[in-house]
Amino acid sequence: MRVALFVPCYVDQLYPRVGMATLDLLEQLGCEVEFPEAQTCCGQPMLNSGCDTDAAPLAERFLEIFTGYDAIVAPSGSCVSMVKNHYEHIVHGDSRHETIRTKIFELCEFLVDVLKVDSLPGNFPYVVGLHSSCHGLRELRLASDSERNTSEFNKPRQLLQMIDGITLADLKRKDECCGFGGTFAVSEEAVSCTMGRDRIADHLQAGTQVLTAGDMSCLMHLAGLIQRDKHPIRVMHIAEILAGYEVPQ
Amino acid sequence: MSTSTKFDHPTNANRFNQDQARTHWHDSALWFIREKRDRMSKSLPEWETLRSCASQIKAHTVSKLADYLEEFEKNARARGAIVHWAKDAEEHNQIVLDILKKHEAERIVKSKSMLTEECHLNPFLEKNGIEVVDTDLGERIVQLRQEGPSHIVMPAIHLKKEDVSETFHQHLNTEAGNNDPCYLTESARQHLRDKFMQADVGITGVNFALADTGGIVVCTNEGNADLGVSLPNVHIACMGIEKLIPSADHLSIFLRLLARSATGQPITTYSSHFHGPREGGELHIILVDNGRSNLMNSDDYRNALKCIRCGACMNTCPVYRRSGGHSYAATVPGPIGSILNPLRDAKHHKSLPFACTLCGSCTDVCPVQINLHEQLLTLRTEVKNQKQLPVSKTMPMRIASWVFQRPKLYAWLGGIGKFFLRNLPRFMIYNGMNPWGKNREMPEAPSESFRQQYAKRAKKNQSK
Ligand code: SF4
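Protein sequence lines correspond, in order, to chains A and B. Under my numbering, the residue at position 110 of the first sequence is numbered 110, and the numbers go up by one with no gaps. Under my numbering, the residue at position 191 of the second sequence is numbered 191, and the numbers go up by one with no gaps.
Since the hints were derived computationally from the structure, they do not count as laboratory data. Note that this is a predicted model, so its numbers are computed, not measured. The beta carbon of each residue, even a glycine, is placed where N, CA and C say it ideally should be. Hints should not be assumed to be uniformly reliable.
Some residues of chain B that are not near chain A, with every Cβ distance over 10 Å (derived) [what the hints assert, rightly or not]:
id, residue
1, Lys42
2, Ile95
3, Glu175
Across the chosen pairs, the derived CB separations fall in these ranges [as the list claims (entries may be wrong)]:
id, chain 1, residue 1, chain 2, residue 2, range
4, B, Leu172, A, Val186, 41 to 49 Å
5, B, Arg145, A, Arg173, 49 to 57 Å
6, B, Lys464, A, Glu152, 43 to 51 Å
All chains, please: the whole structure from these sequences, using the hints.
Right under this line is the structure:
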């Protein structure tokens, strides 16, 4: 399967390890992975700020660059949801979008639904706290959420449980937002930080040693607070754990 | 300047967050209700079916609203009600005043109606020398404090019992420092009893109006609506035109959803049906548009008219819980308020669509399946189109978009940015210009981007 790797711009610049882990993982699982180098940003920050006309040329570029692959995979539910669910407002019925919508996957979703992974190697003897990032949860439905009365499932959790030695932390609020929200983190700094600290407090009471999520953006915000407040929690993207990477010290 | 600050959500929210203990208390109080709602909704296996039925009924009603309104008017008249139409808040208030004048009414008791709040009826009537007493406990408390409600179902949820005790001590002469909820409730009850006895007219809101019977339904937990309209001879019911449902047959769906979503109760304590005036009395029903038909004509926002005002989106909203209802500076706060208010007045409420992380919890909690967070996203573009976004917000996006269209420039600038992040002295990164760094550390910049590592690896693989 010819898979295009979509690495969100801030992951490319600030978290290359997450990109490498995603690449390694997909290759370990037998995919032929390509990173189209012309890619930059999907346009989410612009659209989320109300600047649809600034997002439009980026969406155009995205469709251009990513057309023709069997699948497009990204280690970010939020960016995938942008392409899948929100592009239609800015590309207005472009037929390439209709195709791409069905071929783009968040990493965990791809592993579970497309590759149908049922075992993963490795040993990770830590208490892992899984943060359910909102767009993955409520827009891509990577897991059932606590608001709706539907049967329970959780794809990222399912994958983590395949790894030996892992203990998953039990949270009091299992799917509340961390408060990142893109530019919200800056324009509503006070609420954003209160929300983040509340999530971290929940992980502390649950004994989380390694905090993980499918979106590096939530983790960037939470890690910033953890570091400032000097909490004994390490932060890793789920791709790093699934690919068997070490806990960063 | 002062008015623009007043409406600015970040400023208000920041103030609210200064008192972290109180912020946490507010968050837990609402989360408690959200959890109760979760338990109650999960006790019904048909919950999601109910939601989609309710959503479809409302969508259908809105699509034929004019017909249903006519049907309602005809049937309500046939039962002896007097039906009025008001195109906006001003007309609504004038109609109420005219009725009051006709009856030489001086004292009014009111049972919670967000619509009259929306129309600012109280100050209008007070200016005309009429005493208006809100009779829901929470509403009365905020009325005594001369505040607006901070939540559409629990108007005084921002207040602790100590605050209530102080307010009652000041206005109702209760014992100072007595915070016993039973004592406080009893004092309010005594005080309100007098008001009920003296009232000339009772005003209520409407939760549901039934087109096929011409009746209206009012849901309360305290029974005050019933008392308020049973003692005086005249009952004025004020309703937004979107409160209509086609038939009494549909009511059960909404009654099951409403209370569970609002407070986690199986049903509200009183669901009172009014079909025509009582003997010797008068029933006036005022049908108010006040901007609603504009929503009806908009594909993007029509859905918002389905709202049954249960307040669940507020209880679940992580931002509302941590910024308080007053931070929205609007009659209806929270997610649904952040849609309705800017659509009415984008200039004053331009910060509201941004007071949201787009987490989507409101959309999944809403009993009538309004796509709240999607509308909030669309609304941001609307705010920009109305030229209400400051250049300080649009310019960075314009520049970023320009850079992102040029991958080589982007990669080069990324390298420079990372270099600065690694090498600049701390004070140049963490200062007043950088809100990120006020409470958080910046990410540590790596020496190479992913694309650089990828290119290196590809080269190595090739040479192998
Ligand atoms: S938008 Fe939905 S959840 Fe919010 S008050 Fe209206 S009906 Fe309730």
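Each hint tested on the structure:
no., hint, in the structure
1, Lys42, "violated, 5 Å"
2, Ile95, "holds, 38 Å"
3, Glu175, "holds, 35 Å"
4, Leu172/B - Val186/A: 41 to 49 Å, "holds, 45 Å"
5, Arg145/B - Arg173/A: 49 to 57 Å, "violated, 31 Å"
6, Lys464/B - Glu152/A: 43 to 51 Å, "holds, 47 Å"
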